[in-house]
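Engineer: Chain residues, written in single-letter form:
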Amino acid sequence: MRVERIINETNDEFPIGIRVLAVDDDPTCLLLLETLLRRCKYNVTTTNQAITALKLLRQNKFDLVICDVHMPDMDGFKLLELVGLEMDLPVIMLSANGDTNVVMKGITHGACDYLLKPVRIEELNNIWQHVVRRKRFERKDRYNSNSQAKLRADSGEAVGMGSIGNNGKLKKKRKDQDEDEERDENGHNNNEDPSIRKKPRVVWSAELHSKFVAAVNQLGMKNATPKKILELMNVEKLTTQNKFRLYLKRISCAANQQVNIAAAVRMRSPNGLGNFHTLAGSNHLHNAAFRSFPPRGVLGRLNTDAGLLIRGLPFPGTIRSGHGQSSVNSGNDQSKLQSFVSGIHNANILQGLPMSLELDQVQTNNGVSHIGELPIADSTTVFPVSSSLIDATITGFSGNPLLGVTSHSLMLEASSQQAGNSRDIVPAIGFRNGNTLSDFAPLAPASNRESNADLQCEPIPINCNAGELITSAPQEWNSPYQSNVTPCSMNSSIPVSGTMVQFGLCLDQNNSMDSDSIGPSSFIDNSAMEQSIIDKEGYLMLEPWEQGSHIPYNIGLLEDLWELQ
Amino acid sequence: MLGLDADRLRADLNRLLAFLFHQGILDEQYLQLQQLQDESSPNFVSEVVNIYFHESEKLLRNLRSLLMDREFSDYDKMGIHLNQFIGSSSSIGAKRVRNVCVAFRAASDQNNRAGCLRALELLEHEYCILKNKLHELFQIEQQRLLAAGVRYPMLN
Numbered sequence: 001m002r003v004e005r006i007i008n009e010t011n012d013e014f015p016i017g018i019r020v021l022a023v024d025d026d027p028t029c030l031l032l033l034e035t036l037l038r039r040c041k042y043n044v045t046t047t048n049q050a051i052t053a054l055k056l057l058r059q060n061k062f063d064l065v066i067c068d069v070h071m072p073d074m075d076g077f078k079l080l081e082l083v084g085l086e087m088d089l090p091v092i093m094l095s096a097n098g099d100t101n102v103v104m105k106g107i108t109h110g111a112c113d114y115l116l117k118p119v120r121i122e123e124l125n126n127i128w129q130h131v132v133r134r135k136r137f138e139r140k141d142r143y144n145s146n147s148q149a150k151l152r153a154d155s156g157e158a159v160g161m162g163s164i165g166n167n168g169k170l171k172k173k174r175k176d177q178d179e180d181e182e183r184d185e186n187g188h189n190n191n192e193d194p195s196i197r198k199k200p201r202v203v204w205s206a207e208l209h210s211k212f213v214a215a216v217n218q219l220g221m222k223n224a225t226p227k228k229i230l231e232l233m234n235v236e237k238l239t240t241q242n243k244f245r246l247y248l249k250r251i252s253c254a255a256n257q258q259v260n261i262a263a264a265v266r267m268r269s270p271n272g273l274g275n276f277h278t279l280a281g282s283n284h285l286h287n288a289a290f291r292s293f294p295p296r297g298v299l300g301r302l303n304t305d306a307g308l309l310i311r312g313l314p315f316p317g318t319i320r321s322g323h324g325q326s327s328v329n330s331g332n333d334q335s336k337l338q339s340f341v342s343g344i345h346n347a348n349i350l351q352g353l354p355m356s357l358e359l360d361q362v363q364t365n366n367g368v369s370h371i372g373e374l375p376i377a378d379s380t381t382v383f384p385v386s387s388s389l390i391d392a393t394i395t396g397f398s399g400n401p402l403l404g405v406t407s408h409s410l411m412l413e414a415s416s417q418q419a420g421n422s423r424d425i426v427p428a429i430g431f432r433n434g435n436t437l438s439d440f441a442p443l444a445p446a447s448n449r450e451s452n453a454d455l456q457c458e459p460i461p462i463n464c465n466a467g468e469l470i471t472s473a474p475q476e477w478n479s480p481y482q483s484n485v486t487p488c489s490m491n492s493s494i495p496v497s498g499t500m501v502q503f504g505l506c507l508d509q510n511n512s513m514d515s516d517s518i519g520p521s522s523f524i525d526n527s528a529m530e531q532s533i534i535d536k537e538g539y540l541m542l543e544p545w546e547q548g549s550h551i552p553y554n555i556g557l558l559e560d561l562w563e564l565q
Numbered sequence: 566m567l568g569l570d571a572d573r574l575r576a577d578l579n580r581l582l583a584f585l586f587h588q589g590i591l592d593e594q595y596l597q598l599q600q601l602q603d604e605s606s607p608n609f610v611s612e613v614v615n616i617y618f619h620e621s622e623k624l625l626r627n628l629r630s631l632l633m634d635r636e637f638s639d640y641d642k643m644g645i646h647l648n649q650f651i652g653s654s655s656s657i658g659a660k661r662v663r664n665v666c667v668a669f670r671a672a673s674d675q676n677n678r679a680g681c682l683r684a685l686e687l688l689e690h691e692y693c694i695l696k697n698k699l700h701e702l703f704q705i706e707q708q709r710l711l712a713a714g715v716r717y718p719m720l721n
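In order, the protein sequences belong to chains W and S. With this note's numbering, letter number 275 in the first sequence gets 275, and the count goes up by one each step, no holes. Count along the second sequence starting at 1, add 565, and that's the number in this note's numbering.
If you're looking for bench data, these hints aren't it; they were derived computationally from the structure. Bear in mind that the values here come from a model prediction, so they are computed numbers and not experimental data. Even glycine gets a Cβ: it sits at the ideal position worked out from N, Cα and C. Among the hints, erroneous ones may be present.
What the hints assert, rightly or not - Derived lysine-lysine pairs resembling DSBU-like cross-links, with alpha carbons at most 30 Å apart: (1) W:K61 / W:K135; (2) S:K642 / W:K55; (3) S:K623 / W:K55; (4) W:K55 / W:K78; (5) S:K623 / W:K78.
Unchecked claim - With beta-carbon atoms standing in for the labels, derived distance ranges: (6) W:T52 / S:K623: 13 to 23 Å; (7) S:E689 / W:L82: 31 to 41 Å; (8) W:E138 / S:Q588: 44 to 54 Å; (9) S:L711 / W:M74: 40 to 50 Å.
What the hints assert, rightly or not - Computed from the model, here is a short list of chain S residues facing chain W with C-beta under 8 Å: (10) Q594; (11) S611; (12) E612; (13) S656.
Just chain W, with the same shape it has in the complex (with noise of 0.2 Å):
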């Protein structure tokens, strides 16, 4: 990897002698820096003047700067700017000063981090990330631009309807002023590209998890934002960027392959037996709802698609017999394609707009040779036929981070509406991200019996893997959702983040949900280290909840509030 050369060349024992330029017109904190960056076994220059800096930095190689807001002969934004466009080099603001808008003020003008004093020997020992990272996105927005031309070439019009306002959605209910947004927004279509191909499949093992808790542990509850937290976790493919938006692309991609398993069954059931009245209908409606509202709007309308769904729901008769009559499938087994309804009724449910789109593309390219492919000898071969499907329609819903939205929404209204049998979902959710195929066997009988309870019963263990999600989100999306995650097993095998935001921006809908009895108990099902992430994530101030463990903690906050004030 090109990276790992660059490292090697460098310097062997990276992250130990990167070259680090600290500016600070305040003494005592430049001191204080400079030793505990030559701790951190770091190269250390120091300046207390902005304009020596500058001067330092033209003449030196530097890996990365630190640099105090407030200076005297020059703002420490503008230093940042000048850095960033003359040297492109990763610069840290520091600063007494904590105020949410002055953090923002520093990230939009493209600090990586924004560290605030005293500064911690720990924080320190991690900024080595933000070198790696920048030469690692240098080389990805490479990849990205020559993919790029090609994804727009097959974009359709649903795709810029949806990625447009999808990506103005995550951007605003990320509110990660990330600096490599524009790029990420660029490159959102273009992850989709590798991603289909590559389907890169980033579990999220008790490893991780473990990291993130450490990370959030490292960073304290006033700087756990998800990018920071990202740095510390350092896992592979874990970025802010990629993070997300592989993860959106992948459970969009996921999504899409039971779009297109649910449009070439439908095709087939109308085929057969004329209830294509019905699914067009409601496809109607999904397209209507999904086509014109964010997240809010779209999971009222996706609740009364939901009971369209349910009435249009004998689908599994009608299917197996359409099954019958269809020649292509003959040599299906009943039960597999039980378990392929059920994948539908998911899509269904979740994909409003994506699926009726999908079936007019399917439609329109010859259904029959896309139910051809559809026959599933076992539930593995699920994904490969929905993979080919997505491959010509994928465009369609690849940067379409709302679909993921609304489906979770979807799946947490249902699951409010009644506990479920939490493995119901788990064969749907690592469905979608492409995870555990042979979960998907089980549900197959079960979901024939209870079709209805199915839809019902489906989002809850994707609420389960929100919630196992949500305890290691980032501060800042915790308080929105954490009130709203049913206690469930955990699926590890679950993507985190993009789901996680997604999921949690829609939870917000959902806040009439009794917290009491469904927020405590998520994190019950977690480990104790989860919980101390929750003890010092920031939500705890806005929705402080009657745990134990939390008690002292939020004793603790309000004291940070106090002083403050």
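Given chain W, put chain S in place with the hints provided.
Structural biologist: Using the frame of chain W, we list chain S on its own:
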């Protein structure tokens, strides 16, 4: 007997530190400073603290001259001074001084001159306490080092 002095002085040192922590005059950040002191930087703590004293007295003088000015209106400038004071105080673990600065900054943000004057009085008071206590701490530390150092020649 001199060796015993070293132990006694160490006990005094610890007692004083405990007192300062209990009173909130110092916090854990001061311990971080102590941890950074080692063979490569044997006087690190006293170095940093002396710089802090020097800078803080400059800041206090500036703040007072700003507020004493009858036509004073530049609260932004005062805010900048206070920002630096907050940063340096928190960096060495001067908790009470830092808290007073924060309150001072709040009053300054509201352009509350009377509040700023009160805060300045309190700040100067807290700063004096901190400086006295830290001097005491350094004195005990110096005596302890002397007492510990003298022991070895005696044994030889």
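Engineer: Check the hint pairing S:K642 with W:K55 against an upper bound of 30 Å on the C-alpha distance.
Structural biologist: 27 Å, holds
Engineer: Assuming the hint says 13 to 23 Å, is it satisfied by the Cβ distance from W:T52 to S:K623 or not?
Structural biologist: For S:K623 against W:T52, whose Cβ atoms are near 21 Å apart, the range 13 to 23 Å holds.
Engineer: Take the C-beta atom of W:E138 and the C-beta atom of S:Q588, compute their distance, and say whether it sits inside 44 to 54 Å.
Structural biologist: Holds, at about 52 Å.
Engineer: Would you check whether S:Q594 satisfies its interface hint, that is, whether its CB is within less than 8 Å of any CB in chain W?
Structural biologist: 5 Å, holds
Engineer: Holds or violated: the 40 to 50 Å window for the beta-carbon distance between S:L711 and W:M74?
Structural biologist: 46 Å, holds
Engineer: Hey, S:K623 versus W:K78, does the alpha-carbon distance stay inside 30 Å?
Structural biologist: Distance of about 27 Å is within 30 Å: holds.
Engineer: Between S:E689 and W:L82, does the beta-carbon spacing fit 31 to 41 Å?
Structural biologist: Check passed, 39 Å falls within 31 to 41 Å.
Engineer: Can the restraint linking W:K61 and W:K135 be considered satisfied, given a maximum Cα separation of 30 Å?
Structural biologist: OK: W:K61 and W:K135 at ~15 Å, within 30 Å.
Engineer: Do the alpha carbons of S:K623 and W:K55 lie within 30 Å of each other, as the hint requires?
Structural biologist: The hint holds at about 28 Å.
Engineer: Next item in the hint list is S:S656. Is there a CB on chain W closer than 8 Å to its CB?
Structural biologist: Hint on S:S656: holds, closest Cβ of chain W at ~5 Å, below 8 Å.
Engineer: Run the distance test for W:K55 versus W:K78: straight-line Cα separation, threshold 30 Å.
Structural biologist: Holds - the C-alpha atoms of W:K78 and W:K55 are around 15 Å apart, at most 30 Å.
Engineer: Against chain W, run the beta carbon of S:E612 and see if the smallest gap drops under 8 Å.
Structural biologist: 7 Å, holds
The structure shown violates just one earlier hint, number 11.
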